[in-house]
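J.: 1 is the number of the first residue of the sequence shown in my numbering; add one for each residue after it.
Where hints are given, some of them may not hold.
With a cut-off of at most 30 Å between alpha-carbon atoms, the simulated DSS-like pairs for lysine-lysine come out as follows [to be verified]:
no., residue 1, residue 2
1, Lys77, Lys107
2, Lys77, Lys58
3, Lys58, Lys107
Just so you know, the hints here were simulated from the structure itself, not pulled from any lab data.
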Amino acid sequence: MLRGSVFAILVPLLVPLLVCLSGLDAYAYSYTTTYITCGQSYTLSCGSSSYTRAGTFKFSSYPNAYTSSTNCTVTFKVDGSYCTGIGDYAIYFNIKTLALGYSDSAKIIERSTYYPYVVTTTKNLYGGYQPGNTYPTSVAQFLSQYTYSPIVTLEITTTRNSFYSGNPITLDYNVLNEYATTFVGSYCSALSGYVQEDIICDSGNRVNCPYSYTPTTEITNEATAIGNCGLDYGAIAGIAIGSLFAFACIIAIGTMIARRSRRGRVLHQHTVYPHVGPAVISGNVNQAFGQPQYFQGPPPQYEAAGQQAPYPAGGQTIPQPRV
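Go ahead and model the full structure; you've got the sequences and the hints to work with.
T.: This is how it looks when you write it as structure tokens:
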């Protein structure tokens, strides 16, 4: 019985700790890598699947290599008509790698319409060696405005008959919600939007929710991923210490109760209550009633209730007590 009570008390104390620690089991997801082509438009999903809301864009080869073309344009957009009633969306890019030729350049451009105005935001990406963070890998980052259907354009300008090869840029992307939904409920404070929990907890070499974000027009804002789904180690340590302290207190209290219970059982086994029959006075009237006797060993022997002792002086009997 006591063990069951202690277990019932421990369960609600340990559940918060287990829930918090389970959040530390972040792991790397396998995202879809899409190889993009100049002149194409790509629609990003606003649905509930993490495998369509986040992924990677890259080129299979250097654009316009060994050709006379100098411009390469790729468009990315979110079609909010597939997810009506959920609010606005934003596209977040972590520019993971940048390997443009020294004489080449690129821009990330967003044209937002605030009727009757059109606001253009430009991120300049230069050629040549560009340092950045190594893990997670990041050269710069870009966040679009929260709109019903955000559209972002990547423009790469190359030299005529460029001899460069390989992929010039890698973009890890993530679609955010401005408001929480049943399947997108993890808030990313740096991006002021909501990310799916499995995406925000990704521990691989990518950034879905940076530690901070400052919009810049140059390559000066490389990303740093949040740690362990944003869980606070101090809070987890506090919960763990508090739970262990409560556990120790409960064990101590339970031990005290168990000891007192054992003492009570031992005392009860050595308490004998003799049979109380019709009282007959033989001597002092204060000894008329039987009293419990405490002693070690077998109980004493008593004479039968029917055997009466001689009457006291005067030959009068004492009225029987009411039982």
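J.: Hints first: check each against the structure and report whether it holds.
T.: Hint check results:
1. Simply put, Lys77 and Lys107 have alpha-carbon atoms about 16 Å apart, close enough for the 30 Å limit, and the pair holds.
2. For the hint linking Lys77 to Lys58, the alpha-carbon distance of about 16 Å falls within 30 Å, and the restraint holds.
3. For the suggested pair Lys58 and Lys107, the alpha carbons sit about 15 Å apart, so the restraint of at most 30 Å is met.
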